[in-house]
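There are 2 protein chains.
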Amino acid sequence: MTDKAFQDYYPDEFSHCYGCGRLNDRGLQLKSYWDGDESVALFQPEETHMAVPGSVYGGLIATLIDCLCTGTAAAAAYREQGRAMDTDPGLRFVTASLHVDYLAPTPLASQLEVRGIVTELTKKKVVIEARVMAEGKVCAKGKVVAVQLPESMLNTMTGEK
Amino acid sequence: MTDKAFQDYYPDEFSHCYGCGRLNDRGLQLKSYWDGDESVALFQPEETHMAVPGSVYGGLIATLIDCLCTGTAAAAAYREQGRAMDTDPGLRFVTASLHVDYLAPTPLASQLEVRGIVTELTKKKVVIEARVMAEGKVCAKGKVVAVQLPESMLNTMTGEK
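So the protein sequences, as listed, match chains A and B. Numbering (the numbering used here) for the first sequence: 5 to 165. Numbering (the numbering used here) for the second sequence: 5 to 165.
Because identical chains cannot be distinguished in the list, a pair is counted as satisfied if it fits within a single copy or across any two copies.
In the DSSO-like style, the derived pairs of lysine-lysine whose C-alpha atoms are separated by at most 30 angstroms in a straight line are:
{"id": "1", "residue 1": "K145", "residue 2": "K129"}
{"id": "2", "residue 1": "K141", "residue 2": "K128"}
{"id": "3", "residue 1": "K35", "residue 2": "K8"}
{"id": "4", "residue 1": "K128", "residue 2": "K147"}
{"id": "5", "residue 1": "K35", "residue 2": "K127"}
{"id": "6", "residue 1": "K8", "residue 2": "K147"}
{"id": "7", "residue 1": "K8", "residue 2": "K141"}
What the hints contain is simulated information worked out from the structure, not anything from laboratory work.
Could you build all of it, start to finish, from the sequences and the hints given here?
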């Protein structure tokens, strides 16, 4: 596994995401890494993240998949260009679509392992397939289509004029 | 719009969901209602729920759609049987799959309106299509396949023996 998380390369203005921003004190602060050709993130749910007692709510699973996959999209695009993630021009990706299949109840007490693999990479689009595992069992599978954010939209989204 | 939310009919053991449980003090406490043939829920994001400053993170959108739709599935199943949602036998639904298309950045400062409509209803499965709107504009569309929880699984999920 790489030492530094994808999210640790992001400039401050892209580090506020509730799911994976290192500067969001109330957020989940998910961190994603390369592990060979796969990306991986570990997450320990809290008691409040339940659907029913003992099981994780579906929106958390969707959030973990979404944040792992948009981070993976950016990391894969930089890797394709042979550049480190903190070099210019910045490559940022947003989710065009997210699909999650919930296969089994996800236990609340266990550390979750979220893994992604890039299945398509073009100049403006990255497709990532993901799975969420607990106690060695796949509880959910997901697919994210991430698209590169044009610079004009970057400025709008960060509030710059 | 109906006066009482779907979630206000749930027994206590099904009222802990982070997204929509009335007993989850740290959760979002989404409440869903019938408005004619559509279900509707309103939600005001907090500052922490950002993706980048000014826009809602994708996992929140997924959560709102998921919780509106599983509630709608239960409400639709009771309505089909001509029963109130607090009558026995209980009908509980879980998400088999969730799909979200993100159409535009969702503003963080605005109240979000999430609407669902049942497109398929069988004895064990309900399909719901949803949309998330802000400032009169559709920002995301979603589709949830919800399946009825067998009683044996109910007991496992609530920790009863």
